[in-house]
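S.K.: Chain residues, written in single-letter form:
There are 2 protein chains.
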Amino acid sequence: MPITANDPKRKTWLETPPDTDFPIQNIPFGVFLTRDDIITIGTRIGDYAIDLGALHQLGYFSGIELTDDIFLQDTLNDFISDGRKTWRLVRNRIADIFDNENPKLRDNNEHRKHILFTLDEVEMQLPVQVGDYTDFYSSKEHATNVGTMFRGKDNALMPNWLHIPVGYHGRSSSIIPSGINARRPWGQTLPEGATEPIFGPSKLVDFELEMAFITTDANVLGEPIPVNEAEEYIFGLVLFNDWSARDIQKWEYVPLGPFLAKNFASSISPWIVTLDALQPFKVEGPKPIMEQLPYLQYKGKKSYDINLEVYICPENGEENKISNSNFKYMYWNMAQQLAHHTINGCNVNSGDMMGSGTISGPSQDSYGSMLELTWRGEKPIKLSDGTERKFINDNDTVILKGFCKNENVRIGFGECRTKLLPAINM
Amino acid sequence: MPITANDPKRKTWLETPPDTDFPIQNIPFGVFLTRDDIITIGTRIGDYAIDLGALHQLGYFSGIELTDDIFLQDTLNDFISDGRKTWRLVRNRIADIFDNENPKLRDNNEHRKHILFTLDEVEMQLPVQVGDYTDFYSSKEHATNVGTMFRGKDNALMPNWLHIPVGYHGRSSSIIPSGINARRPWGQTLPEGATEPIFGPSKLVDFELEMAFITTDANVLGEPIPVNEAEEYIFGLVLFNDWSARDIQKWEYVPLGPFLAKNFASSISPWIVTLDALQPFKVEGPKPIMEQLPYLQYKGKKSYDINLEVYICPENGEENKISNSNFKYMYWNMAQQLAHHTINGCNVNSGDMMGSGTISGPSQDSYGSMLELTWRGEKPIKLSDGTERKFINDNDTVILKGFCKNENVRIGFGECRTKLLPAINM
Numbered sequence: 001m002p003i004t005a006n007d008p009k010r011k012t013w014l015e016t017p018p019d020t021d022f023p024i025q026n027i028p029f030g031v032f033l034t035r036d037d038i039i040t041i042g043t044r045i046g047d048y049a050i051d052l053g054a055l056h057q058l059g060y061f062s063g064i065e066l067t068d069d070i071f072l073q074d075t076l077n078d079f080i081s082d083g084r085k086t087w088r089l090v091r092n093r094i095a096d097i098f099d100n101e102n103p104k105l106r107d108n109n110e111h112r113k114h115i116l117f118t119l120d121e122v123e124m125q126l127p128v129q130v131g132d133y134t135d136f137y138s139s140k141e142h143a144t145n146v147g148t149m150f151r152g153k154d155n156a157l158m159p160n161w162l163h164i165p166v167g168y169h170g171r172s173s174s175i176i177p178s179g180i181n182a183r184r185p186w187g188q189t190l191p192e193g194a195t196e197p198i199f200g201p202s203k204l205v206d207f208e209l210e211m212a213f214i215t216t217d218a219n220v221l222g223e224p225i226p227v228n229e230a231e232e233y234i235f236g237l238v239l240f241n242d243w244s245a246r247d248i249q250k251w252e253y254v255p256l257g258p259f260l261a262k263n264f265a266s267s268i269s270p271w272i273v274t275l276d277a278l279q280p281f282k283v284e285g286p287k288p289i290m291e292q293l294p295y296l297q298y299k300g301k302k303s304y305d306i307n308l309e310v311y312i313c314p315e316n317g318e319e320n321k322i323s324n325s326n327f328k329y330m331y332w333n334m335a336q337q338l339a340h341h342t343i344n345g346c347n348v349n350s351g352d353m354m355g356s357g358t359i360s361g362p363s364q365d366s367y368g369s370m371l372e373l374t375w376r377g378e379k380p381i382k383l384s385d386g387t388e389r390k391f392i393n394d395n396d397t398v399i400l401k402g403f404c405k406n407e408n409v410r411i412g413f414g415e416c417r418t419k420l421l422p423a424i425n426m
Numbered sequence: 001m002p003i004t005a006n007d008p009k010r011k012t013w014l015e016t017p018p019d020t021d022f023p024i025q026n027i028p029f030g031v032f033l034t035r036d037d038i039i040t041i042g043t044r045i046g047d048y049a050i051d052l053g054a055l056h057q058l059g060y061f062s063g064i065e066l067t068d069d070i071f072l073q074d075t076l077n078d079f080i081s082d083g084r085k086t087w088r089l090v091r092n093r094i095a096d097i098f099d100n101e102n103p104k105l106r107d108n109n110e111h112r113k114h115i116l117f118t119l120d121e122v123e124m125q126l127p128v129q130v131g132d133y134t135d136f137y138s139s140k141e142h143a144t145n146v147g148t149m150f151r152g153k154d155n156a157l158m159p160n161w162l163h164i165p166v167g168y169h170g171r172s173s174s175i176i177p178s179g180i181n182a183r184r185p186w187g188q189t190l191p192e193g194a195t196e197p198i199f200g201p202s203k204l205v206d207f208e209l210e211m212a213f214i215t216t217d218a219n220v221l222g223e224p225i226p227v228n229e230a231e232e233y234i235f236g237l238v239l240f241n242d243w244s245a246r247d248i249q250k251w252e253y254v255p256l257g258p259f260l261a262k263n264f265a266s267s268i269s270p271w272i273v274t275l276d277a278l279q280p281f282k283v284e285g286p287k288p289i290m291e292q293l294p295y296l297q298y299k300g301k302k303s304y305d306i307n308l309e310v311y312i313c314p315e316n317g318e319e320n321k322i323s324n325s326n327f328k329y330m331y332w333n334m335a336q337q338l339a340h341h342t343i344n345g346c347n348v349n350s351g352d353m354m355g356s357g358t359i360s361g362p363s364q365d366s367y368g369s370m371l372e373l374t375w376r377g378e379k380p381i382k383l384s385d386g387t388e389r390k391f392i393n394d395n396d397t398v399i400l401k402g403f404c405k406n407e408n409v410r411i412g413f414g415e416c417r418t419k420l421l422p423a424i425n426m
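Protein chains in written order, with UniProt numbering: chain A, 1 to 426; chain B, 1 to 426.
Certain hints may be false.
Pair by pair, the computed Cβ-Cβ distance ranges are [said to hold, decoys possible]:
#1 Asp74/A with Glu232/B: 23 to 31 Å
#2 Glu196/B with Ile64/A: 46 to 54 Å
#3 Thr86/B with Asp74/A: 23 to 31 Å
#4 Asp7/A with Gln57/B: 53 to 61 Å
#5 Gly59/B with Asp69/A: 27 to 35 Å
#6 Lys301/A with Glu232/B: 50 to 58 Å
#7 Lys85/B with Asp7/A: 55 to 63 Å
These stretches of chain B come out as covered by chain A in the derived footprint (C-beta under 8 Å, 3 or more residues) [stated by the list, open to error]:
#8 173-180
#9 183-193
#10 346-355
Each computed DSS-like pair below joins lysine-lysine, with the alpha-carbon atoms no more than 30 Å apart [said to hold, decoys possible]:
#11 Lys328/A with Lys282/A
#12 Lys140/A with Lys419/A
#13 Lys153/B with Lys250/A
#14 Lys419/B with Lys140/A
#15 Lys153/A with Lys379/B
#16 Lys287/B with Lys287/A
#17 Lys419/A with Lys153/A
#18 Lys153/B with Lys113/B
#19 Lys250/A with Lys203/A
#20 Lys287/B with Lys250/A
#21 Lys250/B with Lys250/A
#22 Lys250/A with Lys140/B
Derived from the structure by calculation, the hints contain no laboratory data.
Glycine included, C-beta positions come from ideal geometry on N, C-alpha and C.
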């Protein structure tokens, strides 16, 4: 089925700001609370949030096989379960409804009142109930940087890294949408040179610049997903900040991996941009340095050219851009990650979320964490207000932004914005 | 509120086999499919499955604040969310309904037909939808055994082990109830002496003898649970077999922990035995070898004397007992695990599951995995049919059993039984 929603020539009758992340070619999916305290599934064009529940009730999706309440839900999980064909039909229809040439809704004031909200009238929620969340570790630059810091240049990459899209399980309960605050965590740390741990608020709270993809029901327990089919099961992507407490992590993570250093909060942007919308931005990925096992060998382009930016905004201050990276730097792509995740028969469900791992680029200003940007705090970053940052300070807001751009169209993710509150009193 | 359901003198009018795991003092909770293809929440006394949905509809829970459909659900999550007071009222009431002296249901044939099922008339399901599953690593004997094998006797325990109830996140989608088969997984492994991995079915599939506890909604994001309150949030326990592919684990697990080596299947027993039912079996835990940080220091008894057994049953063969362990061997108890898990503010929900980690005892016949029982395969176990096992063979069934016993009563968990099917063809 053609993705007519992507037509770069299409214009909408809605007023949209120039250079918006959400032109009519984007049509992402999210969940929001309306001014009437109703939760609904919606999309966004320009600075309008669009109530898909109301659109459906008013008959705008007639002819598409959808249950009556598919959009009147507090998560996208059931809609995602409906599968790629339905996503595509719905997205194409939405493009059609808001197309400049289509008078049906455009000229119906009554309907528009029920369907359109300005952004300040809605409160974005988590778009899915995340059943399981997995985080990968798929940027070679990031793994090399961290490995160099902890084991020296010659042993930077672990022996398995070039063979395996290394991943580990994360905590889904503490995933929060953009706009919800995180808290500096308490925990055990081992001071430099000490033999006994101490207990206190983490001193080294860091962000991690990641993207995450959301899956549909992909397989039954026991059956792998072939690498060249994997993208069929990916609904879309969000920006993802995998908050990390480096001092807690260092003391706890051997031998079973990060735990409390990560599960105090993980932030995502609220609009899931569909893989369909990103099709114009497919690019070749990095060439494998070493031959990969057949189940990881793929055909065609499976990387995406998505510009990524990180900003720190001190309390009452301004946004300081501290990193420029790109999703295309990932050594292992999403199809390889999903093929690897299921090669042992592990089952993947609608609403599962898979993080990319920190996305660092080749240059120092493209690193995806404070750990790397300041090289363990050795080279602090200067902000516009004259203060310095080695890691994230109390009341700093960390903002991730992401967008694709070509000569025709810009498809963006908006923001993933999280303020770090001070540790609670104990 | 007194736990009258635990009264050891109580007898039931139901016929129960001598030495059953499920006397009237147990009253566990589970979910089953009935002969009429209806899913319901139930309990078990002797060899009867009891439909709590039907009991509720017939008015047997009058006076207890419960929504009408609380038992007509396919998971226990909502009932567990109702909290400890409700669990206790319902358990006390069930004990009362089936008490020898109570004629109400005993003498009502019509009601009994709707409420009582023999075990062969029901099909046990997963008792909860597991939102997040965490696995700990809390048996000192197990950590020492594994550490000795991989790093030698002098470095067996990692420096953090005596300070932290080490834990890591697991995969909830592949948790299966007793009776569902597992599959030997495919994966990458690094043969002895090789520098490149190979791809094939795991050769070293192992069980892990664990118990797991199920929580209720415990805290909001950002707020820790104090160690001495933690048990208030524990609904009950199940037997847990954390299937592990040792060869896949060895190659993949550095530096972020086990992943595909574990997430192909994890089996649990279907009846959740409440923490209330286990109160008579509270015992002192092992003395701390080293002082623990204040947030991990607890008052009173928080360990439980639960006998654990492991059996291997070859296809068409008989059950061979291969291990006798006990839950009381755990160095870190459940209250410490939950206090640690939340000390950074991580939020815990109804239906979350926390595994103990492999429970090995002090003697060689009390180890909780083939890895330890056969010492990496060096000392194979002889079965009654003359065959040997280093790890688990195709079509072997692994059975975990668990029970508490004192002079008055036996409270058991039944079985966690899983057959390992051969790897799929690729």
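S.K.: Would you list, in rising numerical order, the hints stated earlier that this structure does not obey?
M.R.: Numbers 14, 15, 16, 17, 18 - these are the hints that the structure violates, sorted from lowest upward.
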